[in-house]
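Residue numbers (this note's numbering), protein chains in the order written: chain A, 1 to 367; chain B, 1 to 152; chain C, 1 to 425; chain D, 1 to 504.
Treat the hints as calculated values from the structure; they're not laboratory data.
All the given hints hold, so there is nothing to weed out.
Derived, one-sided and incomplete: chain C residues facing chain B with beta-carbon distance under 8 Å:
{"no.": "1", "residue": "Y62"}
{"no.": "2", "residue": "M302"}
{"no.": "3", "residue": "M420"}
One-sided and incomplete, this derived list gives chain C residues near chain B with beta-carbon spacing under 7 Å:
{"no.": "4", "residue": "A46"}
{"no.": "5", "residue": "Q59"}
{"no.": "6", "residue": "R63"}
{"no.": "7", "residue": "A326"}
{"no.": "8", "residue": "G408"}
{"no.": "9", "residue": "L421"}
{"no.": "10", "residue": "P424"}
{"no.": "11", "residue": "G425"}
Keep in mind the model is a prediction, meaning the values are calculated, not measured.
In this text, a Cβ means the ideal position worked out from N, Cα and C, and glycines have one as well.
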Amino acid sequence: MGIKSSTPYGKDFGGCGLAGIIDRSGKSVAGNMIVSSLTSMKDRGNGLGSGYAVYGAYPEFKDNFGVHVMYNDAGAREPVEQLLKTKLKLVHAEPVPVKKIHAIADPPEFWRYFVDPPDSMDKTDEDAIDDLIVNIVMDINERIDNAYVVSSGKNLGVFKGVGHPDAIAEFFKMQDYSGYLLLGHTRFPTNTPGWWGGAHPFTILDWSIVHNGEISSYGTNKRYVEMFGYKCTLLTDTEVVAYLLDLLIRKKGLSLAAAASVLAPPFWKDIEDMDPHKKDYYTALRVSYANASLNGPFAILMGFDNGILGLNDRIKLRPLIVGKKGDIVAIASEESAIREVIPEPDDVWAPKAGEPIIVTLKEDAKQ
Amino acid sequence: MKVVYPREQWCVACNLCEVACMTEHSKTKDPLKMYLMERPRPIPRTRVEYRPPLSISTMCRHCEEAECVEACKNGTLTRNEKTGRIELDQDKCLGCWMCIMACPYGAISQFTKGIGTEERAVANKCDLCPDREVPACVTVCPNRALVFEDRG
Amino acid sequence: MEQRKYVIIGNSYAGVFAIEAIRRNDKEGTITVISKEPHRAYARAAIHEYMDGIIGDSQMYYRDKDFYERHAVTTMLGSTVTRIEPKKNKVVLDNKQTIDFDRLMISSGGVPITPPIEGSEGPGMFTFTTWDDAKVLRDWVKKQKDPRAVVIGGGLIGLQCAEGLKHLGVDVTVVELADYVLVKALDQITAQRVQKWLEENGLKIVTGSTVESVHRVKGAVTGVKLKNGEKLKCNTVVLSIGVRPNTGLTEGSGIRINRGIMVDNAMQTNVEGIFAAGDVAEAEDFLRKRADVLPIIPVATMQGKIAGYNMAGGKKSYPGGLPQNAFQFFGKNTVSIGNVIYADKLGGYEEIIRDEGGTYKKAVLQDGRLVGILSMNYITRIGIYNSIIRARMDVSGIKNRLLSDDFGFLDLPKEFRDEMLTKPG
Amino acid sequence: MLYKNPYNHYFDYVVQRDIDKCIRCKACVTQCSYGANYYDADRDLIYSLDHNCVGCMRCSTFCPTDCISIVRNPDAFRLNANWKDHNIKDLYKQAGTGGIIITGMGNDKPFTNYWEHMVVDACQVTNPSIDPLREPMELKTFLGRKPDKLEMNKNGDITTKLAPQLILETPIMFSAMSYGSINYNVCESVARASKELGIFWNTGEGGLPKALYGYGKNTIVQCASGRFGVSPEYLNAGAAIEIKIGQGAKPGIGGHLPGEKVLEGISETRMIPVGTDAISPAPHHDIYSIEDLKQLIYALKEATRYEKPISVKIAAVHNVAAIASGIARAGADIIAVDGFRGGTGAAPKAIRDNVGIPTEVAIAAVDERLRQEGIRNEVSLVAAGGFRNSSDIIKAIALGADAVYIATSALMAVGCTLCQQCHRGRCAWGITTNDPELSKRVNPELAAERLVNLIHAWSNEIKEMLGLMGINSIESLKGNRDRLRGVGLSEVELQALGIKQAGI
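All chains, please: the whole structure from these sequences, using the hints.
Dropping the structure here:
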């Protein structure tokens, strides 16, 4: 597959289905749950991409960065491992267990590496450590042919590829995983053939994104994050959302809510009507981070170590539904997907355009 | 009442008000035919004074206390009680020019009505284009140097 | 409010304007118009054109037929007021009928001056101030086999009558006492040119003399003898040496008379509630700042209007009369405004004259201000001078432009233009 | 005509008059400020002196019977692919006068116009287009330095104070045109339109007439090498200050206002004597290096208590990207880049037609360079020079401009027909003249309306274009080269513009 973009501005887009489940108490939810939720929306995808993110997948390595790498060519493994060994401390390496099935033809190779920052680094300087990881991810994606980082967060496993959600789940043995937060995505790319790296979720560090829609502002956003060292190499617009969130939250220090209002800012006419304090607040956000605002139709789910964010574009051109029962909250493209995992929810609703849904773990659930 | 006021500072001396006036008061309502064929040829009821750099177009002001009406010998000029406009009945006009003498705006001119044996000099002045919502000169003025306003 | 009773004596220019002014301010009061003449208001100043047939009845009526009805006016046409009783607020008619008034306006006009001339009693003698005068004279001359007329008086009315008679085929001689015609309206140069033009068009004019006696054979006029001894053969004599204010009806009323009925700037006489306007009134002259009788239409109408407003409770002040006249003889136009003859008569005035290409234009300045304008054969926009005179504008800076044919607002100061042209007229 | 010099014979236009349709209204006579039409009373005919005609079409426009057509002089030199008509005529002119050929308006030579080689993307199926008639569509634009990061306190309140910004309701501004080069009425028209539109106009280097101080909130005051009309009061009168280093029409030389155009009001505003040529030095004599520019930027910031953004305007030249980077680092809040199709009131023709580079590539280069250096947020980028319609503007913003300056098109809205005679001060359309008779041909009331109409029309078109791209806010178009494709460009050109070939 022609993976490398011939120009720096490529992207892919399409219609999709997405689903997310979180148990706010921190209890593990079985991997099968997200699979059945997503599979109920099979017709939202076309088999050209599905994927899952599992937060809490690796309790035994929970303090190490878990780097999933996809190799389109076995020859790419050596330089990656060399890089990881050089720049980081490699704690553990293993192939990601898969099951060869008929529905998945010619899959790439997947490896996962659990790494620590080098001893030379100050372990309390989390920013520097995170930056290092990000740089290494960008480096691999950009520089090493046929190698792509699938995920790079702690206690996070991401499993994605070309195939329907049930096939991908079977291939990656999703039944073997469980976590307090699960994301799933089924893809319907329209412009380019699906490829393994283009399947969702997209991740950087703990951030993982699943996305339904099209980022019309992609060029603007991409060129913006590139100013800060991010490299958009995965030929899909969703990738940029992950980087934007990392940039806004981790580097610019915005709260989740603030970051959400940068991605889907209030309209100026609404800002005009706000009280002076709020008006200044939203004006400053919009003006300062104008290049980070997302335009075009989208529904996104973003997972992070402490919770999940659901967000729609400003005029709600894509579906997003929330349902909850007790500590379980599910967010998905369709209500059916919610009822698949919460048959009798206490509440189901559709958030307003641009209104972020933020669900975090309860205080006592954090270890 | 609404009358036409000149705005001297914007008059560009293009004479289009005069052309529009003549055309509006012609039989054919066509500037070319008006000029080439109609006899008598209409004359403008507004007058462009041009003394570079100044120019201005002036016409009847339809005065509240119209001196032309006061000077008119036989009631050719009357003030329409309903519209406030000063009306001139050319059929009645004797051509005595008392109105020309009296009008402080110099807004009334002599016009030879009819041809041949019908030829007769009568007074002529702005009638605010009774068939139009806005007088032709105002409509045509390219620089808003004529405005149709009520400044009463 | 009680209905006010307005009575207007006279049904000509001043009367009509008074009616219109009263009705603008008072829709309720009653208005009664009393006129000696049987006609509804007509164009008194056009009787010469009527006489020679240039215009007909439709052009003679000053206002449309339903004018009186529309203004709720009671007309008493063909009635003559003989006496005014201010203390009883009534007027007495010739048939002894009395009419009550709250406000009275006297606009009884002028009466022709008829000096005693030997032989003037009897047929063939005419005056020329009313419509009926014109009809009678026309019918008379049409009956003559060889109509020959002598018009006594070379003033405006005399000459207009003479022109009218000429058009009717009458052999006309005008006899004027002064050295030239139109002596009250024009300066010598203009007057002589007019005179020449009249003569070129077939009028005979004798100046510096007057008719001493009228000669009759069997009662019929056969000629006149002039003071200078000259004898003129004629069968018609028109007496038009002028009019005087018709003030007879005020006798014994206590209303103050000089030449005419004296009025203040509200057009009110010395008797409260009684006003006067038109040719009978003596009011302030704009330029000379003294009272005078100014028998011209614009003055009559303005006075009538102001009297009307004030009678109906308004407050309008007379700005003073300004002599102005526009006339034409045999197609040539002359206009005079203000004091155009003073330079001739008094000195101390400055004259600017433009005399070229058949056009004669003269401006009279006093202390740099325009006080008079006279123009022959070019009258385009002549009225602008009216406003200059009224504004007492110093024109010494624009003398060179003042009389040019395209003189206009752009020659005048910006402030003046703006004042004139940017505000409602 | 009798005494004409045969060497001056080679004129460009002929006034053709259909005498059958002429009604002798003399509109053409009074309207021609170049003496090309006159009325002959003896023959009751209107004639033309064609050699005086500049092709401004004032007469034909005003002719009520359309009896006039201005046509190219059919007089033809022998065809010569090397010696084109204008080469020949210019040569003769110079042989006659010994002078530099001065002209007005922008470069009219047939260089490649890149706007015409870029096409815009639209949504189909996968992404709904947005209907601007039914959905909000935002064009509000902020010009000025943006913080790299907003600092927040514990309560989540933003503690960073935004640098001063110019807030535009639509990303279009009226470019610098000095009082003097255009007359007061045109200045007022532009100022009025700016106020109504919620945008900005630029005084140019001629100062700000006192009577227009009321429009200060919508005014960018310019400070050029001549320092005409610059005073503390002036600097504080506007919403922003622009340092003019160069102008697209004549990079490398200063402004030049012929003395004939320096009348009383201009003299007072510019603080120079009546009738003197107002010639700006080619460089600012206090700016011989980028450090000097920095000093001036901060001097102006000091003078205005850091309350106003400072813009620096440069002509688009070969090294524009590096220069812009330097300007950004020197502390400018806005950089205006004026391409070689930008207009002028007067410039040597040789310079106008041969110096500088197109706005399109300049903007692409500057935006890319500032991004590479990670300082794009520190400045706003304004593109200027030759914008003819809303799609040019859309493309400029997609290439990376925050907003655009328009001037020639603004003057055209007021009546300009591009006759290129601005330098003569006899503009028949009353724009680039201070002659009282001609100046009044622009009634600010009417002209402002036309300007407002134009900007409304363009803004609506921009909204339509955004809508079809599935974008409802202009900021999502900024630098979004992904939505542009090139057609008919070489690979190098595509690369310079940073866009893909159509179909890829």
